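Colleague: Mind assembling these two chains? They're in different frames, but the hints should get you there.
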Amino acid sequence: MGVRNLLIGTALAFMALFLLLPLVIVFAQALSAGFGAYLTAITDPNVGDAIWLTLIIAVIVVPANLVFGVCASWCIARFKFAGRDLLITLIDLPFSISPVIAGLLEVLLFGLNGLFGAWLSAHNIQIIFALPGMVLATLFVTFPFVAREVIPLAQEQGNDEEEAAVTLGASGLQIFWRVSLPKIRWGLFYGVLLCNARAMGEFGAVSVVSGKVFGETDTLSLAVESLYESYEIQAAFACASLLAMLALVTLVLKAALEWWHRDEIHAVRHKKAA
Amino acid sequence: MTTEIDLTHVSRAFGGHLVLDNVSLHVRPGELLALLGPSGSGKTTLLRLIAGLDQPDTGIITIGQDDLTARHPKERGVGFVFQHYALFRHMTVFENIAFALRIRKAPKAEVKARVNELLKLIQLETLASRFPAQLSGGQRQRVALARALASQPRVLLLDEPFGALDAVVRRDLRRWLRQLHEEMHITTLFVTHDQEEAFDLADRVVIMNGGKICQQGTPIDIYQSPANVFVHEFLGESNPIPSHVIGGIVHANAGFPLGETPAPDGPAQTFIRPHHVIALPNPAGPWRITRIAATGAQARISVTRNATTLEAALTADALLDSGLATGMPVNIVFAGGTVFNPEGTTPLKLAPLKPALAQLRR
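Protein chains in written order, with numbering that gives the first Met the number 0: chain A, 0 to 273; chain B, 0 to 361.
Think of the hints as simulated: they come from the structure by calculation, not from any bench. Small disclaimer: the values here were computed from a predicted structure and weren't measured. Any given hint might turn out to be false.
[Unchecked claim] Here are the in silico distance ranges between beta carbons for each label pair:
id	chain 1	residue 1	chain 2	residue 2	range
1	A	R77	B	E232	33 to 43 Å
2	B	K104	A	I24	22 to 32 Å
3	B	A69	A	R77	16 to 26 Å
4	B	I219	A	L85	51 to 61 Å
5	A	R77	B	K211	24 to 34 Å
6	B	H25	A	H265	44 to 54 Å
7	B	S224	A	R261	55 to 65 Å
8	A	N158	B	K211	27 to 37 Å
9	B	P37	A	R77	52 to 62 Å
10	B	A296	A	E257	50 to 60 Å
11	B	K107	A	M244	36 to 46 Å
12	B	E124	A	L256	39 to 49 Å
13	A	L256	B	K111	21 to 31 Å
Beta carbons: idealized from backbone N, C-alpha and C, even for Gly.
Same shape as in the complex, but just chain B (with noise of 0.2 Å):
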């Protein structure tokens, strides 16, 4: 099973408010693909216009090269996973997986025997008889999963699958998606809005903002080089910090300096997480500690000097080897950030100043 799925320019707007705004996307045959974006970034939309609940404004949707956009859902080999699970409430779990075979009226053999393969495949074999309302979150979602699966589809789309489910129960099934995947090898897109979830999962990220495509590549390219503001905040923690270039050094308006920078002279919106910046203690240190909370393996220190805070974040072992304290002065260093221009795009690496790499070796 792989098919590939491609978007050309495809637009919706409802009411009005455009929710999709030309958005053009490449899924790879076989790729495990995640949209990742806040709530009302248009990436439901895109899944429900894949499967055609939905209809494009303009723009042309081709699965493995057959152009869809007009085709009903029942030609268009698509497996969906609803949130909410949208199980038949009337049905048992049996008849669930067995509908969209029914559907098709395959040989009563068949259904059994496809019914049977799948309840092994989501380890449900012992609840065929049962109907939705007797089944956990999880075993809930595994029949949705299932279900979506029955009829063979060439691609699977799931909508912010594990959203309705807590927190352990999400990690597991999570895992197990993704070992499905490896064995089925089917094309899935799947929408959340969890970052720690799509890059866990996903090979390839898509984010969306606005009903437009921020940036697309692997989990770690991603991190490792956001395009703009908006994906580099939504990926997690930052201290955003107003700066300026000086002759290849950025110095905060606040008047210290942050590190090298190939950006040229001017103002400019620079970026660290807070695992870059590293408290050392220093009794001359102009920084002091104002807080400092522990929360299981992760530990955050926040540091303040004149009207600036800023969060860092280390490990609790590495804390306790470092024997910070709160209102203890220290130095800080920041091991790397990302320096954007003031409109927010064209980021750029920060690097450590010599001075602090050397603080930092000793």
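If we strip away everything but chain A, and leave its shape as in the complex, we get (with noise of 0.2 Å):
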């Protein structure tokens, strides 16, 4: 008993300690200055700028992880085919390369001087330093995130249900969309909701191929350390209270979602539906 009880402390401890205390320090910071002073510092029009960015980035991202995810999960669990253990390897790189260096190769590659540069200036086309570049290096981070949630997920269910769909009359398209989605949609969910997370708070790939330009290519998380370098403190925590609050409404979606179809994600998540 008293074993347990000192687990148990010291696992809340600990959590109040490096998760609950920064955050409420965050908003104690924000709201140092008082309300008001809060409000003008996020509704600073560099900073809205910000807020912009980050959720153009975010819209075009997750999207485009999660179509590359459902396609790779589909051809993953239900082909062999020859490269396909080598995609799976592929698909974790982005988790075990630094995302400084994921940025660094973007702009070796179509930077100025980069492998394609010369092609791209004489084209007239902007990648780095400009909103192109910070999709790109948003994608390469979050590019795991969706995939390693459903892969897995579609390789234990197997093909059995597909087979049970066919024979039930149901067509390629209505497979997919009445079987082959539906039966991994939670694994989708939870891995929009982390790739998502990611793609909003993403700081060091997307640092290097900034411009950095406050109001221009600064997203929210390039604001605050843009903010807190000219000794604004109180508005970098104002817009790192932002993030904290994405952070929290993601929790809450996520919690209720979860409660709400909690007799479906039970069964879902059952090894074999069978």
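Modeller: Here you go:
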């Protein structure tokens, strides 16, 4: 009994110290100059632009990774093909590479002196220090989130239900929309949440390829740094509080959906429905 | 719903291995047919070919005169029940059963009526809003059956339908399926490796081995006259006795007579089922009881003579009446059996010898 309480106490204390306390401090600092100053900070036009840029990147990156994740899980779970294991390994690559290096790689490819640099500048296309570069960097970093969530699920679930659907007269498209997609939809949902959180919060890779022009190529997380470095501490924490709120909303949304669909989630997570 | 199924010279190979070897089969309208065989005999492949989940390399499959060989499963009118149910895990019981109707864009009211009718049929009306993971194995299998029946298929195919269930549920479900078939008379083909299940349930049994059909017929016909050694051994225990025929009498090579047979002189393989081996107490008997095991209603006796050991079976009651005990010397009488030629074909009946018969009557 004593050991149990000790362990529970340790875990709770650890969580309070490293998860809860920073969250409290972010909001305390953001509101340190009063609610008026807080509102002024987050309604600053440059901060507004940063929010907008962050949203645009997420809106492009999350659906792209969603589609890729579904395609990858579909073919990896269903077919045996040459390069299948290689594909599974490659999907993990962004996890094992530092995001800063990912950003640097992009500069080496698309930068002015990069591999495609001459061609790009000749055609007047700017990737580095502009939105396309930031989207690509975020895409690279968030690549595994959906796929990693969905592929094991699809592999474990196998192909039985699809075969049953065939015998019941379903066409390929009907099977995809009514069977294959719904049975992985909770995995997809978690993957999308994680992917979205990372896409909006990504710093390292985006920092390398962004021009860091506050109000033009700063995302919300880059804005936090810009403001902090120009000694606008309270404004920096105000921006950070927006990111923190995003995380909280994500968590609440996830918990609410899980509670609402608890029967189905339990049913689907069961190793084999059969 | 009375439709026949015909397979004509159907073959299928996987990676150079012939799984179905030139199989022809006629399934009569409205019959309940069992495909019985060991694993790897090709029976599941045959079922999948009929359902359109796989294509034959050569041969023709027809259901009710329509050539289906190149048809999409959708147009075949086949209901398929999988061994592991393959229920849609993200759908409720109701939606699982409704699937085939929704696919066909049936009106909502019609879907509801049909699904409720099927729920009643499988006696699961109260569980319509459950998910498959919340059901027992037997309940899942009934849902799978209702799902397969929803679009009123012309034929019903069941792949080891009771394979994953425990013995009691299995027996109940078997009776229920038999009853259901008697009400609906839908042509039904089911695959099993369980001889008891096949014989209990089916009108006719087809025995498969190595991608070929060994024998087909009613359970009684097959059991009474198995076409070859494989079928005989597959249908239950027997004592294989290397033997030879001289002048219409079969002798064991170990040196004792077995019975009369119309087989020609020469070497033979004789198979005698344990219940045809009858032990009679006799102080001068050449056999000795080495072991007695009672397993509920049945009892088993091992008898030995020199290097030969035979298994005998009788009811537990008969064992009590006989007064047999371990170590007792006995005479053995063979009440029946089957004599095959050395190739294991051309089965002939083994009849008891006249003196043995007299001993039995006494």
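Colleague: Against the structure, test the hints numbered earlier, and report the numbers of the ones violated in rising order.
Modeller: 2, 9 and 12
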